[in-house]
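**Q** Sequence:
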Amino acid sequence: MRVKIVAAALTLVLLVLAFGALALPGAGMSLAKAWGALVGTELGLARTIVLQWRAPRVFIAIIVGAALAVSGSLFQALTRNPLGSPDIIGFSSGAYTGVICAIVLGYSGFSGQILGALAGGLATAVIVLALSLRTRIDGLRIILVGLGLSAMLSAFNRWLITRGELEAMMSAASWGAGSLNGIRWPVALPAGSCLALVLVGALLLRRQLDVLALGDDTAHGLGLNVNRFKVLLLVVGIVLIAATTAVAGPISFVALAAPHVAQGLNRANRTPLWTTALVGSCLLLAADIIAQRAFHPTTLPVGLVTVVIGGCYLLCFIATSARKFS
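Convert by adding 17 to the 1-based position in the sequence shown; the result is the number in the numbering used here.
Simulated from the structure, these hints should not be mistaken for laboratory data.
No residue lacks a Cβ here, since even glycine has one placed at the ideal position from N, Cα and C.
Treat the hints with care, as some may be off.
[Claimed, not checked] Cβ-Cβ distance ranges computed for the label pairs, FRET-style:
1. Ala168 / Pro42: 51 to 59 Å
2. Cys333 / Leu164: 18 to 26 Å
3. Phe127 / Pro99: 46 to 54 Å
4. Gly45 / Gly328: 15 to 23 Å
5. Gly240 / Gly43: 52 to 60 Å
6. Leu148 / Ser47: 33 to 41 Å
7. Phe312 / Gly240: 31 to 39 Å
8. Leu100 / Leu148: 33 to 41 Å
9. Ser47 / Gly232: 33 to 41 Å
10. Pro42 / Gly240: 22 to 30 Å
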């Protein structure tokens, strides 16, 4: 019952945030005009602002936030570690490297970015697995290897940005902060639809995740091919993080924080993936509203806001864990 109440509350919060993002002050916008644009009674500039400029941004924020949250939950289940998120392990940096390489090679369109992100993320996963795999997939070794590889990739990314054409690399550096600026329906609709399909596939893994949470030996005894399922988790998680990176750049800490927030709201060690997805959507949409209004008329990259919020959360999480351990 609590899970359903939490999900209903999160859905309500998400709807409020979405409408708030559509009705943000500016260009004569108001709550009444935003509502009128949605129901068709308001025409002209207000309708264009709401439906053509702001709605794609809100749509992508919801989908990308959910994808980041679910990928974080998958990687935490894979590594059995609360810090096992793709931005800490290094998969986000790998996807970003792939996108920068695509831009340097002249493939700056969305298709080039998504292919580059997938190639970079998968290549990073292969390296991490090759360096951490022994007889089975070990979560702690994946995190330790991923941390080292992430630092190396971050340095390599900065070097790459200095080697390309100035205009393209300035764009890559700005986009690399994680941004939802300038997203319109021609990109938002196909990208969001593809992400939504992968999300649905990830949500179908819920039962196997519950079995895996019982431990490798128990899961194997119940008929789950543990290593094969962990590889599947890895691939699905990387596809999610690569697609989000191609769409909005590397947005940090949503994947780390959302599963913990969902568990705290449900007061349970295991929480449904769709609840985690709702938390991720709410977190990213709230961060994007802050990014647009905190220093108005200057719009911050949403990735900068999530880093600040996520950094504070990580410090609190480490302090709380240290107190529990002591």
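**Q** Work down the list of hints and note, for each, if the structure agrees.
**A** A quick look at each hint next to the structure:
no. : hint                        : in the structure
1   : Ala168 / Pro42: 51 to 59 Å  : 41 Å, violated
2   : Cys333 / Leu164: 18 to 26 Å : 20 Å, holds
3   : Phe127 / Pro99: 46 to 54 Å  : 33 Å, violated
4   : Gly45 / Gly328: 15 to 23 Å  : 36 Å, violated
5   : Gly240 / Gly43: 52 to 60 Å  : 56 Å, holds
6   : Leu148 / Ser47: 33 to 41 Å  : 56 Å, violated
7   : Phe312 / Gly240: 31 to 39 Å : 55 Å, violated
8   : Leu100 / Leu148: 33 to 41 Å : 18 Å, violated
9   : Ser47 / Gly232: 33 to 41 Å  : 55 Å, violated
10  : Pro42 / Gly240: 22 to 30 Å  : 57 Å, violated
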